[in-house]
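Visitor: Listed below, chain by chain, are the residues.
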Amino acid sequence: MKKKKISAGQIALHVFFILLCICYIYPLLILVTASFEGASNPQFSLRIQEFTLDAYRQVFANPAKILKGYGVTAFYSVSATFGSLVVMTLFAYAISKRDFKYRNVLTFLLFFTTLFNGGLVPTYLVNSKLLHLNNTIWIYILPSLMNAWNVIVLRTFFQGLPDSLYEAARIDGASELRICFQIVIPLATPALASVGFLAFINHWNDWYTCSIYVREPDLYSLQYILKVILDDVAYLQEMLANGTIAGLEESLKNLESLRFAMAVVLAGPMLFVFPFFQKYFAKGLTIGSVKG
Amino acid sequence: MFEKKKMSQVAVAKSQPSQSKVTAKRKYNFMLLMLCMPGLACLIIFKYLPMFGIAIAFKKYVPIKGIFGSNWNGLDNFKFFFGSQDAVRTIRNTVLYSVEFLVLDLVLGVLIAVLLYNLKSKIGLKIYHTVILFPRFMSVVIISFLVYAVLSPSAGLANQIITFFGGEGISWYSEVKYWPAILSIVYIWKSIGAGCLYYYAALTGIDPTLFEAAEIDGASAVQKAWHVAIPELVPIMVMMTILGIGNLFSGDFGLFYQVPRNIGLLYDATDIINTYTYRALLGGELARSAAVGLFQSAVGFVLVVVTNAIVRKVSPENSMF
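Same order as they appear, the protein sequences are chains A and B.
What the first sequence shows, in the working numbering, is residues 23 to 314, in sequence order.
What the second sequence shows, in the working numbering, is residues 811 to 1131, in sequence order.
Possibly wrong hints are sitting among the right ones.
To be verified - Once the Cα atoms are required to be at most 16 angstroms apart in a straight line, the calculated EDC-like pairs of lysine to aspartate or glutamate come out as:
id, chain 1, residue 1, chain 2, residue 2
1, A, Lys90, A, Asp185
2, B, Lys870, B, Asp896
3, B, Lys837, A, Asp121
4, B, Lys835, A, Asp121
5, B, Lys889, B, Glu1095
6, B, Lys831, A, Asp121
Claimed, not checked - Computed far set for chain A versus chain B, every beta-carbon distance over 10 angstroms:
id, residue
7, Ile47
8, Phe82
9, Tyr92
10, Leu248
What the hints contain is simulated information worked out from the structure, not anything from laboratory work.
Keep in mind it's a predicted model, so treat the numbers as computed, not measured.
Backbone N, C-alpha and C define an ideal beta-carbon position, used for all residues, glycine too.
Based on the provided sequences and hints, a complete structural model is requested.
Guide: Laid out in structure tokens, this is it:
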């Protein structure tokens, strides 16, 4: 009797979670089916009224801009993630040392940036009027190299490593630089992987930086291209009409499907890849929750 | 006592170190300082330099003259903002949404975490959690595509359902009154998967014998959750609330700007301080935008410092500084 009762509870739980998951999966499926819809007056649903690949044909007929978007985004995401891991690890390692003379000053300078910031406009003026980073690839990379929260996470991780580790290396005559690179960094791989993964996602999904600083279409990030496509049909037409395609309205009854095909092509591949790295995400949270 | 004395004697002996030890210590500090240099340079250039630019908030900014060449105009930029109806609207929206999201995060985060914890099937747990965590990996632009697929007046899912039940389709993107609910649903949809992780991690840390003891006493699943699990989660709930109060004055820019697609008709329900400063910047109102930004930063600073002082009283090990 009791066993049956428990399983009834479990069934209720499963039903609840399956319904919840449908709320997540259904809109994504609609996004995909809408890209195959050929009817001129479509309804977004799982049922496709007139199946067609026309939208994808259009998208791939002139793929130069899409490839450029991928190239730009991949380049800055990888280099910004890698660069910031290097810069932040070195900083975090130094301020994790209790006997480092300037530890308190540097930690305060780091921490204060989480409490107060100049705000959007002063930052904009420094980046674009003083450093002239606007309309260059560097605007995606340099300003985000140091993230105080991530440095604090790494510092906490380094502080957790046993002191005996350092002592042994020092007795063997290893320099501070060598200890950092050959002993500490290999041990810190899990922490670096989770911080790096989160940083990479944020860079990949960034449209904000581009919307403020970049007016040069060749340097648009993927998500900004997507944003413009959603906001502005004219941009979509211009983007595709640069090639040999004539009269978009003739070839495509359903402009909406083109938008959604673009969304699938621009955002789809990475969304399949990210969940495989999910374990680093959960790890990052648990490391971050330990404060020191 | 004896040990301590001995130690202090050693320390005295050490306090007159040889020349080589001093240079070694100096070299050590220098080496570590060098490691900090790239990061320190980034902090100074990208975080501290802009703080001087705050001066613009007190100036009548003329682009050709630059910040320091432009004339001071005292608090005019602030007066302009506080004198407009935008001030009431943006501050009200920012604070009310923050409070609402804080409560939703807390209640639903704990609920979902407890339900996940009660699942016996490990595969089910993994699948369900992967699915609800998925939006964490999407950009807000893709989320706004999905919202558009649901709310599009002519083709959207929502209106299909309404017309199916004989109702009349609603033009969602021009009706302010629905947006507080829409934004709340979208917010919780996208953030609950990551939000419940904190509570789930805390639940897996609870001593299982507590649950076994409750079961022997004849507690039902609901009773176990209410009397055993939730009391164990209270400290982390308190912490999350306090951290949330520190962030009360800033909102999720992407959600409020991109999901309603920056439609002016909806500002009454969708405009927050972050979207206001952003629009003012893109519109070329640099000084006014900076004034609002400074107001936001200053209030945020006070909130964080005050809440941290409270945390230090309540549970010192959780305070940030």
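Visitor: Look at each hint and say if it fits the structure.
Guide: Results for each hint:
| no. | hint | result |
| --- | --- | --- |
| 1 | Lys90(A) - Asp185(A) | violated, 48 angstroms |
| 2 | Lys870(B) - Asp896(B) | violated, 20 angstroms |
| 3 | Lys837(B) - Asp121(A) | holds, 13 angstroms |
| 4 | Lys835(B) - Asp121(A) | holds, 10 angstroms |
| 5 | Lys889(B) - Glu1095(B) | holds, 14 angstroms |
| 6 | Lys831(B) - Asp121(A) | holds, 14 angstroms |
| 7 | Ile47 | violated, 7 angstroms |
| 8 | Phe82 | holds, 20 angstroms |
| 9 | Tyr92 | holds, 14 angstroms |
| 10 | Leu248 | violated, 5 angstroms |
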